[in-house]
Structure formats: C-alpha cells, structure tokens
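Visitor: Residue numbers (our numbering), protein chains in the order written: chain H, 2 to 183; chain V, 717 to 869.
Treat the hints as calculated values from the structure; they're not laboratory data.
Beta carbons are placed, not taken as given, at the ideal position from N, Cα and C, and that holds for glycine.
One should not assume that every hint holds.
Stated by the list, open to error - Pairwise CB distance ranges (calculated):
1) Phe-22(H) with Ala-724(V): 52 to 58 Å
2) Asn-821(V) with Leu-11(H): 24 to 30 Å
3) Lys-26(H) with Arg-814(V): 38 to 44 Å
4) Lys-47(H) with Glu-788(V): 16 to 22 Å
5) Glu-760(V) with Gln-116(H): 41 to 47 Å
6) Lys-41(H) with Val-840(V): 46 to 52 Å
7) Gln-85(H) with Arg-816(V): 26 to 32 Å
Unchecked claim - Pulled from the structure, derived: some chain H residues nowhere near chain V, Cβ distances all over 10 Å:
8) Arg-104
9) Gln-129
10) Lys-167
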Amino acid sequence: MMKTRFIVPLIVFVALAGVLFIAVKRAPDKHFIASVLIGKPAPEFKLPSLTNPGSNVTSTALQGKPYVLNVWGTWCPMCRVEHQALMQIQQLEQVPLIGLNWRDDDALALDWLAQLGNPYEQVAIDKQGRLAIDLGVYGAPETFLIDAKGIIVHKHVGPLDMEIWKRDFEPKINAAPAAGPT
Amino acid sequence: MRRALLLALVAFSWLAFMRVAAAIDPTVIPDPALQERYQKLTHELRCMQCLNQSIADSPVELAGELRNEVREMIVEGKSDDEIRDYMVARYGEFILFRPRFSARNMWLWLGPTVLLLVGAFIAVRILRQRSALVAQDDQPLEDDPPLEKEAGR
C-alpha cells in the first residue's frame, strides 16, 4: 500500500516529464512560422511585369517546370543582404527565379536591379500586396519553391544564402517531377 | 474636488486611448452591426509581423492590408467563419488568437477536464473508504468489552 502511494505519482511525473521533454525538443523553431501552404497549389496570379512594361507575369505561363518565387522590396534591408546569393543561384541555372516586387516603387525597384544586377527571369509587381497575402507572406524576403505542377514544395523565410539553398532547395528541385507529359 | 480631478483624469486618459486606437485604425463601416463584427474580428486576428498584437492594434502595413481584407469581406457579406477560414488558409491557425479545437490540440482542450474527473474520482473513492472506516470504527465501540475487564488483567 505504501509503495503504490509513491510509485503511482512517480510514474505520472516521469511520464509527464517525458512527454514535455520530447515536445520541447521537437518543437519547431518559433522564429519561422511554418507555412500552411506547403503541399498546396500556389495561388494563381496575373500581375504586371516590372522589367517588361506592358506585359504580365502569370502563374499559368510559369507552370510546367519548377520555379522559385522570391518576395522582395527595395525597402527591405535583408533583401539587399540576400541579393548576392540570388545572383549566384541564377548562375547555377537550376530553376528560373521569379521576383515578386512587394509594395514597392517601380523606379526604385528598377534602380536596384540596375545597380545590384538582375537575377530574375521575370519580376511581377504586387503594389497592394494581394498576392503576398494569398501566399501568406508576413515579411520580406520570403522564397517559395513551386514545382512543375504548381504546388508549393518549400518556403524559406529570411535571407537566402548558398548553404540554405544547397540544403533546403536543391534536394527538392531534384526530387520535383520532371516537366512534360507523362 | 479630488473626485472631480480623478474623473477628469480618467476621462482624459480614455480620450487619449481612443485617439491612439483611432490613429491606428480609422475604419468605420456605416452599418453599426458590421462595424461591431469588424472590430471583433480584427481584434482576434494576429498580426503575423508583430506576433503579439492583433491586426486592430498594429500600425504595420501588413496589418492594415489584412484589416482591409476583413472589411471588404464583411461588406461583401461573408460570415465570420469564412473570414477566419480565409486567413487560416493563408497564414495558418497561428493567426487566430483563439485556437480552434483539432486533433492536434485536443489534449489541451480536454486535458484539464479529464484531470479534474480523474481527481474527483480518486477523491470520492478516498472519501468513501474513509467513511467506511469510520462506520466500522463506530460500531465495535458499543460492543467493546467493559473496561474493567481489561484493567483487571
């Protein structure tokens, strides 16, 4: 009788401590809020092009091969930090980079690309931030990897660098289903 | 005199507060019922950029854009749940200050009730055992052999 009196609470305590320990250890990094959009189709869009005035950047035209959508703005200091990495990624020619110029001034954005180089195949203008909301963007820069079927397979919040690219993006690009009819 | 001063102070701080609130979100929907829903919804949606403020209280641009979305959807006649779903589909459950019941957080919702029931069950059992013991204790007292016999031994 004496024994169970101590053993039962002890077991409860150890079980609770174990559950909490595992939960704390396995908890995702709270700095980055996991996107609910991973595995879901990217929102459709049709936005004016920054670099080709008069034409549009559309999600339908981009479908059929994987691409990277990078959300940036000239008001965003971390985008400047990231820019060099984007230039390097473009050199690798693994996937086209599509820029999403988020609530920015066109002239400033064009200056930025002229000065720092343009890593993007196309740049869409999102003045009101509507597409950014549809993508669940809450800060810039954010980078999405979208596969050939238009599904968001990865999202990175914060500035990209080559290490992150090699670790998080490359394996998923290679795993992405090949384009073309099957 | 003192009371008047205090009252004035309270009134003034309230006014100051109202002004701050208005400065962040000047939106007024003409229909008061819709305005009330707007106020309620914007206060229970998280500003994803500042995390611990609602979009109603936050001065950042994204909060303003999301308030706009809320206003437009309310005016379009969408229900509160539809608006919440819209936000959750983009930003995840995290955007709701009032989390919903789901398989993942089930134990957070039910845990306290379950613990309370278990505790109550144990308490009742212990109390019953005790009162049974007391009842047992009570009876033999009357049947106890006379004291002098024991003393005589």
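Visitor: Output the indices of the hints that this structure fails to meet, ascending.
Guide: 3, 7, 8, 9
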